[in-house]
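K.L.:
Respectively, the protein sequence lines represent chains A and B. The first sequence lines up with residues 1 to 113 when you count with our numbering. The second sequence lines up with residues 1 to 111 when you count with our numbering.
Be careful, since some hints might not be right.
[Claimed, not checked] Under 7 Å between C-beta atoms, here's a sample of chain A residues computed to sit facing chain B: (1) A38; (2) G42; (3) P43; (4) F45; (5) E53; (6) N59; (7) L90.
[Unchecked claim] Examples of chain B residues toward chain A, derived with CB under 7 Å: (8) A12; (9) F45; (10) T103.
[What the hints assert, rightly or not] Non-contacting residues of chain A with respect to chain B, defined by C-beta distances greater than 12 Å in every case (computed): (11) T2; (12) Q6; (13) K13; (14) G16; (15) T20; (16) S27; (17) G40; (18) Q48; (19) R57; (20) G58; (21) F69.
Just so you know, these hints were derived from the structure itself, not from any lab. Every value quoted in this text rests on a predicted model; they were computed, and no experiment measured them. C-beta: ideal position from N, C-alpha, C; glycine also.
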Amino acid sequence: ETGVTQSPTHLIKTRGQQVTLRCSSQSGHNTVSWYQQALGQGPQFIFQYYREEENGRGNFPPRFSGLQFPNYSSELNVNALELDDSALYLCASTSGGSGNTIYFGEGSWLTVV
Amino acid sequence: GQNIDQPTEMTATEGAIVQINCTYQTSGFNGLFWYQQHAGEAPTFLSYNVLDGLEEKGRFSSFLSRSKGYSYLLLKELQMKDSASYLCAVSYQTGANNLFFGTGTRLTVIP
Numbered sequence: 001e002t003g004v005t006q007s008p009t010h011l012i013k014t015r016g017q018q019v020t021l022r023c024s025s026q027s028g029h030n031t032v033s034w035y036q037q038a039l040g041q042g043p044q045f046i047f048q049y050y051r052e053e054e055n056g057r058g059n060f061p062p063r064f065s066g067l068q069f070p071n072y073s074s075e076l077n078v079n080a081l082e083l084d085d086s087a088l089y090l091c092a093s094t095s096g097g098s099g100n101t102i103y104f105g106e107g108s109w110l111t112v113v
Numbered sequence: 001g002q003n004i005d006q007p008t009e010m011t012a013t014e015g016a017i018v019q020i021n022c023t024y025q026t027s028g029f030n031g032l033f034w035y036q037q038h039a040g041e042a043p044t045f046l047s048y049n050v051l052d053g054l055e056e057k058g059r060f061s062s063f064l065s066r067s068k069g070y071s072y073l074l075l076k077e078l079q080m081k082d083s084a085s086y087l088c089a090v091s092y093q094t095g096a097n098n099l100f101f102g103t104g105t106r107l108t109v110i111p
């Protein structure tokens with residue numbers, strides 16, 4: 001139990017649609033990041049939010065966007081879904097600073113058909 | 001990624017010891033994490049190394065050599081439940097949690 005909760009746990013979308021995934025970070029954690037994990041691969045960093053501002057981004061196109069709210073919960077939005085977007089989407093939170101443990105949520109399984 | 005390399009698969013016997021190696025690009029290094037991930041589940045934190053040496057935590061230990069860009073995870077007294085993927089992840093930025101992950105090592109523990 002990491003204190004990081006994500007919803008929904010599973011969903012199926014059609015190519016071209018839009019999806020919103022949600023994350024509630026562990027209490028007191030002001031930094032949240034999102035990762036995409038394709039089958040058989042390690043997670044890949046999408047972006048990070050600190051105090052409601054994006055402050056780091058991986059190699060993902062602009063149709064991947066996010067929000068962080070004053071209570072530090074977060075959303076990942078993906079527009080114009082493609083088949084290759086099918087993956088496990090992981091939210092991770094930390095209290096920030098070097099050396100702080102990064103906790104992952106259970107993830108949201110997205111299937112694009 | 002930043003050339004995070006680890007073996008794809010390993011098999012070991014229940015009760016034995018196994019060492020999972022990880023190499024990474026040293027430039028900008030700011031810390032190394034090991035995570036365990038069971039099939040269909042999220043990664044769970046095992047260890048964090050930022051200084052050279054061995055960190056021991058029960059049956060699991062993790063070692064780091066910053067000059068060599070090398071780490072290993074040592075699992076002792078293997079149990080069947082240790083069958084999982086083990087992910088090596090490196091941080092290259094102070095205060096950030098954008099980790100670069102390897103593809104993971106799938107460990108199978110056999111009786």
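K.L.:
Against the earlier hints, flag every one the structure doesn't satisfy and list their numbers going up.
P.N.:
Checked against the structure, the hints that fail are numbers 1, 5, 6, 8, 11, 12, 17, 18, 19 and 20, while the rest are satisfied.
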